[in-house]
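Numbering that gives the first Met the number 0 puts the first residue of the sequence shown at 0, with every later residue one more than the last.
Just so you know, these hints were derived from the structure itself, not from any lab. Just so you know, not all the hints are guaranteed correct.
With a Cα cut of at most 27 Å, we get these calculated DSS-like pairs of lysine-lysine [unchecked claim]:
#1 K29 - K5
#2 K8 - K65
#3 K29 - K65
#4 K55 - K65
#5 K8 - K80
#6 K29 - K55
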Amino acid sequence: MNKRAKPIKVLMVCLGNICRSPTAHAVFYKRVNDAELGEAIEVDSAGTGDYHIGEKPDKRARSAAKQRGYDLSGLRARQVKASDFEVFDYILAMDDNNLRDLLAQCPPPLRHKVQLFMEFTDNNHQSVPDPYYSGVDGFQLVLNLAEEASDGLLAHIRQRDLQ
0 MNKRAKPIKV LMVCLGNICR SPTAHAVFYK RVNDAELGEA IEVDSAGTGD YHIGEKPDKR
60 ARSAAKQRGY DLSGLRARQV KASDFEVFDY ILAMDDNNLR DLLAQCPPPL RHKVQLFMEF
120 TDNNHQSVPD PYYSGVDGFQ LVLNLAEEAS DGLLAHIRQR DLQ
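Work out the full structure: start from the sequences and follow the hints.
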């Protein structure tokens with residue numbers, strides 16, 4: 000099914016890599032593995048900021064994800080690095096600010112790889128809102144949006160990259 004010699008690599012990106020991008024990472028990872036595409040698609044996450052390098056995802060994000068069957072426990076925050084723009088096929092920002100920061104760092108010939116995660120949905124949310132200063136409902140919304148965008152992204156990759 001996968002004509003490519005190497006896996007498709009997807010990087011989820013938010014500001015600190017402790018709420019939105021690890022949630023999107025775990026949701027998409029599960030979707031990929033449930034579709035038995037783990038050898039064809041690899042997933043990672045990172046932050047544009049260096050605030051939480053090495054830390055586990057936010058406790059509230061881990062708890063909300065666990066309730067839906069997603070495991071964030073093995074993830075640790077890291078910052079986007081220059082080589083990510085070469086290595087990853089899809090670099091997906093959770094919001095406009097992170098998109099802008101990524102595009103500012105990305106070499107011009109590779110900017111086609113950088114886009115908003117929510118572009119893979121028909122949802123009226125353009126961004127995945129940061130739940131850090133919100134209550135439980137904010138983390139549930141992130142999960143809802145990550146599930147919808149992950150489904151759209153997987154369908155897109157299947158159609159475009161795995162035919």
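The hints, checked one at a time:
Between K29 and K5, the direct Cα distance comes to roughly 20 Å. Compliance with the 27 Å bound is thereby established for this hinted pair. A distance of roughly 24 Å separates the Cα atoms of K8 and K65; the hinted pair therefore holds under the 27 Å criterion. A threshold of 27 Å between alpha carbons decides the hint, and for K29 with K65 the separation of about 12 Å falls inside it, so the pair holds. The straight-line distance between the Cα atoms of K55 and K65 is roughly 14 Å, inside the 27 Å bound, and the hint therefore holds.
Restraint check: the Cα-Cα separation between K8 and K80 comes to about 15 Å, which is no more than 27 Å; the hinted pair holds. Restraint check: the Cα-Cα separation between K29 and K55 comes to about 19 Å, which is no more than 27 Å; the hinted pair holds.
In summary, the structure agrees with every hint in the numbered list given earlier.
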